[in-house]
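K.L.:
Order-wise, the sequence lines are chains G and X.
Counting from 1, one number per residue, gives the positions in the first sequence under the numbering used here.
Counting from 446, one number per residue, gives the positions in the second sequence under the numbering used here.
Any given hint might turn out to be false.
Covered stretches of chain G, as calculated for chain X (at least 3 residues, CB under 8 Å) [unchecked claim]:
#, region
1, 75-82
2, 157-170
For the chain X half of the interface with chain G, some residues (derived, Cβ under 7 Å), not all of them [stated by the list, open to error]:
#, residue
3, ASP497
4, PRO501
5, THR652
6, PRO695
7, SER696
8, SER697
9, PHE703
Keep in mind that the hints were calculated from the coordinates and are not lab data.
For clarity, every value in this text was computed on a predicted model and none was experimentally measured.
Just so you know, even glycine gets a beta-carbon here, dropped at the ideal spot from N, CA and C.
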Amino acid sequence: MKPAKQTFTLPTRTNANRKVAYVNARLFDPESGLDVKGGLLTKGGVIADLGPRLFNDGTPEDAEVIDCKGHLLTPGLLDIQVHFREPGQEYKETIHTGSKSAAAGGVTTVACMPNTDPVIDDIAVLEFIHQRARKSAYVNVRAYAAISKGRKGEALTEMGLLHEAGAVGFTDDGSVVMNALLMRRALAYSRDFGIPVAQHAEDANLTAGTCMNEGAVSAKLGLPGSPNASEAVIIERDIILTELTGGRYHVLHITTAEGIDAVRRAKKKGLRVTAEAAPHHFCLTDEAVAEYRTFCKMNPPLRAEKDRLAVIEGLSDGTIDAIATDHAPHDEESKRVPMTHAAVGIVGLETMLPLSLMLYHKKQLSLGEVFAAMTYKPADIIQVNAGRLKKGAPADLTLIDLGHEWVLDPEGFMSKSHNSPFEGWKAKGRAIRTVVGGETVYTLS
Amino acid sequence: MGKAAAPKKNWAKKDWIYPHRHLLGIEGLSKQDITRILDLAEGFIEKNRQIDKKYPILKGRTLINLFFENSTRTRMSFELAGKRLGADVINMSVATSSVKKGETLIDTAMTLNAMHPDFITMRHPESGAVHLLSRKVNCSVINAGDGSHEHPTQALLDALTIRRKKGRIEGLTVAICGDILHSRVARSNILLLNAMGAKVRIIAPPTLMPPQPEKLGVKVFNDMRKGLKDCDVVMTLRLKTEYMENSFVPSSREYFHFWGLDEEKMSYAKKDAIILDPGPIIRGLQIDSKLADDIGRSMILDQVEMGVAVRQAVLEILSHTLQTK
Numbered sequence: 001m002k003p004a005k006q007t008f009t010l011p012t013r014t015n016a017n018r019k020v021a022y023v024n025a026r027l028f029d030p031e032s033g034l035d036v037k038g039g040l041l042t043k044g045g046v047i048a049d050l051g052p053r054l055f056n057d058g059t060p061e062d063a064e065v066i067d068c069k070g071h072l073l074t075p076g077l078l079d080i081q082v083h084f085r086e087p088g089q090e091y092k093e094t095i096h097t098g099s100k101s102a103a104a105g106g107v108t109t110v111a112c113m114p115n116t117d118p119v120i121d122d123i124a125v126l127e128f129i130h131q132r133a134r135k136s137a138y139v140n141v142r143a144y145a146a147i148s149k150g151r152k153g154e155a156l157t158e159m160g161l162l163h164e165a166g167a168v169g170f171t172d173d174g175s176v177v178m179n180a181l182l183m184r185r186a187l188a189y190s191r192d193f194g195i196p197v198a199q200h201a202e203d204a205n206l207t208a209g210t211c212m213n214e215g216a217v218s219a220k221l222g223l224p225g226s227p228n229a230s231e232a233v234i235i236e237r238d239i240i241l242t243e244l245t246g247g248r249y250h251v252l253h254i255t256t257a258e259g260i261d262a263v264r265r266a267k268k269k270g271l272r273v274t275a276e277a278a279p280h281h282f283c284l285t286d287e288a289v290a291e292y293r294t295f296c297k298m299n300p301p302l303r304a305e306k307d308r309l310a311v312i313e314g315l316s317d318g319t320i321d322a323i324a325t326d327h328a329p330h331d332e333e334s335k336r337v338p339m340t341h342a343a344v345g346i347v348g349l350e351t352m353l354p355l356s357l358m359l360y361h362k363k364q365l366s367l368g369e370v371f372a373a374m375t376y377k378p379a380d381i382i383q384v385n386a387g388r389l390k391k392g393a394p395a396d397l398t399l400i401d402l403g404h405e406w407v408l409d410p411e412g413f414m415s416k417s418h419n420s421p422f423e424g425w426k427a428k429g430r431a432i433r434t435v436v437g438g439e440t441v442y443t444l445s
Numbered sequence: 446m447g448k449a450a451a452p453k454k455n456w457a458k459k460d461w462i463y464p465h466r467h468l469l470g471i472e473g474l475s476k477q478d479i480t481r482i483l484d485l486a487e488g489f490i491e492k493n494r495q496i497d498k499k500y501p502i503l504k505g506r507t508l509i510n511l512f513f514e515n516s517t518r519t520r521m522s523f524e525l526a527g528k529r530l531g532a533d534v535i536n537m538s539v540a541t542s543s544v545k546k547g548e549t550l551i552d553t554a555m556t557l558n559a560m561h562p563d564f565i566t567m568r569h570p571e572s573g574a575v576h577l578l579s580r581k582v583n584c585s586v587i588n589a590g591d592g593s594h595e596h597p598t599q600a601l602l603d604a605l606t607i608r609r610k611k612g613r614i615e616g617l618t619v620a621i622c623g624d625i626l627h628s629r630v631a632r633s634n635i636l637l638l639n640a641m642g643a644k645v646r647i648i649a650p651p652t653l654m655p656p657q658p659e660k661l662g663v664k665v666f667n668d669m670r671k672g673l674k675d676c677d678v679v680m681t682l683r684l685k686t687e688y689m690e691n692s693f694v695p696s697s698r699e700y701f702h703f704w705g706l707d708e709e710k711m712s713y714a715k716k717d718a719i720i721l722d723p724g725p726i727i728r729g730l731q732i733d734s735k736l737a738d739d740i741g742r743s744m745i746l747d748q749v750e751m752g753v754a755v756r757q758a759v760l761e762i763l764s765h766t767l768q769t770k
């Protein structure tokens with residue numbers, strides 16, 4: 001197989017009148033169920049028109065024409081949980097390199113987590129992210145703000161001002177909000193903002209000192225494990241608080257059958273609760289840790305097979321709304337240490353699409369379900385105008401060759417870091433063009 | 446109102462007599478009770494503007510002001526009210542009392558009761574403390590603010606201020622904004638304004654709303670602009686800084702940005718809307734300095750003046766009740 005050539009271009013965002021005609025596309029919009037051969041026209045940063053007969057009378061004279069060759073044209077994908085490490089750990093990732101990795105993965109909008117240094121707990125830091133994004137990002141970069149100042153779990157951040165400044169949600173991310181009173185206040189205070197209070201659901205006492213899932217594998221390896229209950233007790237508690245306050249709650253990277261069941265019940269009650277899952281949690285189990293592979297150390301950890309299946313079921317029945325990668329770049333040194341000391345997490349942006357498509361290829365999810373979880377559903381969770389192919393929507397598009405067979409090679413990733421356990425995995429389907437605001441930022445040829 | 450002579454004695458009309466021994470709250474007062482107290486207070490306003498402010502109908506009576514919380518306005522106001530009516534007034538503040546030595550509230554009450562006072566006004570940080578006192582003493586007890594429960598003379602003086610400025614209370618739309626959860630002023634005002642037929646709104650961040658606020662008989666808003674729309678009267682409340690530390694709201698700048706009353710937010714209210722605040726006003730937190738000082742709209746100092754008259758009226762009707770025993 002000849003090596004594919006990847007080309008990247010930073011968007012200029014100054015093309016208000018530029019027209020681009022996408023011809024011979026398989027238009028695919030998960031929200032409306034649209035799946036039809038046709039064309040799509042963008043003007044400046046928005047979708048001007050689309051449909052099966054759009055270019056019956058030819059394309060506009062002043063439009064650039066892109067032949068999609070029958071490939072799948074979807075709304076640009078979203079990954080609503082990434083760590084771009086800027087500011088603070090630019091040696092692991094930056095907004096520039098992280099967004100480049102996103103573009104390569106077909107992702108046009110990301111939501112950064114606030115566990116930077118300094119923490120995104122103040123409008124000045126949030127403005128800094130937005131400013132860096134305007135200058136250096138290939139894709140739309142948005143950010144969560146912290147729930148508590150310094151992510152210390154003590155005092156609320158200026159949630160209202162942060163919301164006005166463009167925060168897409170609130171989370172203390174890797175640090176769970178253990179204080180139920182603070183969680184109550186956060187949910188109540190932000191009730192009318194529309195954006196969620198998101199929780200990395202793990203009881204800090206139950207998980208203290210653990211480095212993997214608690215089960216047969218941890219028993220054999222002699223490693224301290226965290227039980228499923230550590231996730232479920234926090235989710236159950238937060239759902240009760242959501243009911244009390246009328247707030248809006250989102251579970252980050254859900255992993256356990258018990259936790260998923262709690263979300264399912266909450267949704268049935270009509271509570272404003274959503275959840276996301278990461279590809280590694282529906283692709284891998286704790287068996288992958290068997291040879292003390294630190295690349296498989298995640299938080300929350302890889303769980304048992306029944307939990308992996310529960311994640312897939314949750315995606316299938318809509319309990320889990322979105323797929324998000326928890327893209328967590330780490331330098332090699334952070335991983336080349338004993339298991340208990342290794343950094344947690346893996347890079348995910350360039351593997352999200354191929355790993356998610358495996359659910360489609362294995363007939364576990366329909367194509368519509370797979371893409372719903374990466375387009376309009378995550379867009380709705382963080383309340384951004386994205387994830388839809390329709391007139392007037394932002395011209396964020398992903399062109400996907402569903403038949404493209406390739407071998408995942410983390411060393412070739414655009415991310416500054418290459419910590420991924422999926423080296424050598426055979427995948428089918430890949431983004432071949434990524435369009436942000438009407439401008440192509442990435443092509444694969 | 447130009448007459449400097451004796452104020453009208455509306456209570457003396459035989460068709461009405463104040464039906465309680467104490468004034469523990471607005472709860473239990475009828476529209477008529479409230480109207481009569483306001484009418485009586487009306488008469489004291491002009492008298493208080495004269496050189497000779499004495500009207501010694503309480504000669505020989507003893508009033509004890511018992512304050513377990515700091516207060517400027519209310520305590521001074523009760524003291525002046527009592528003195529102008531000729532009563533002997535004693536102020537007892539906790540800082541110098543035997544409460545500091547560990548005496549219980551009931552023991553303090555029994556001790557004071559043994560000195561045969563006619564009135565005790567009490568302020569206490571705990572809701573219900575004034576009710577406890579009232580059950581242990583033989584005199585009339587006036588609630589000068591108990592915890593987050595009631596502050597009836599504040600609501601009465603607010604009502605008098607509104608009535609004098611607007612000519613009525615019934616039918617007016619009144620928005621109470623700020624820390625409703627912890628506010629005794631809000632609770633008393635909601636009761637009084639509802640009894641008088643006003644339309645009451647409360648505006649606060651969700652964290653500073655009491656549970657099931659609609660059950661108080663009010664319209665509930667979290668957004669100032671929506672809540673202030675077409676209001677006749679805007680009441681701002683103080684936000685104690687200790688609540689900031691407990692994360693009810695994140696910071697004073699955020700609170701002022703969303704819930705501080707300023708010119709822009711005030712523009713949503715009616716053009717001739719007036720502003721009341723029980724004080725102390727914290728400029729730049731609950732209210733913009735410019736608005737607080739706008740004598741066309743800000744009633745803050747009128748409220749203080751009405752406070753003395755209302756407390757005189759309350760002492761007078763309670764003394765009348767004592768006399769009838």
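K.L.:
Which of the numbered hints above does this structure break?
P.N.:
1, 3, 4, 8
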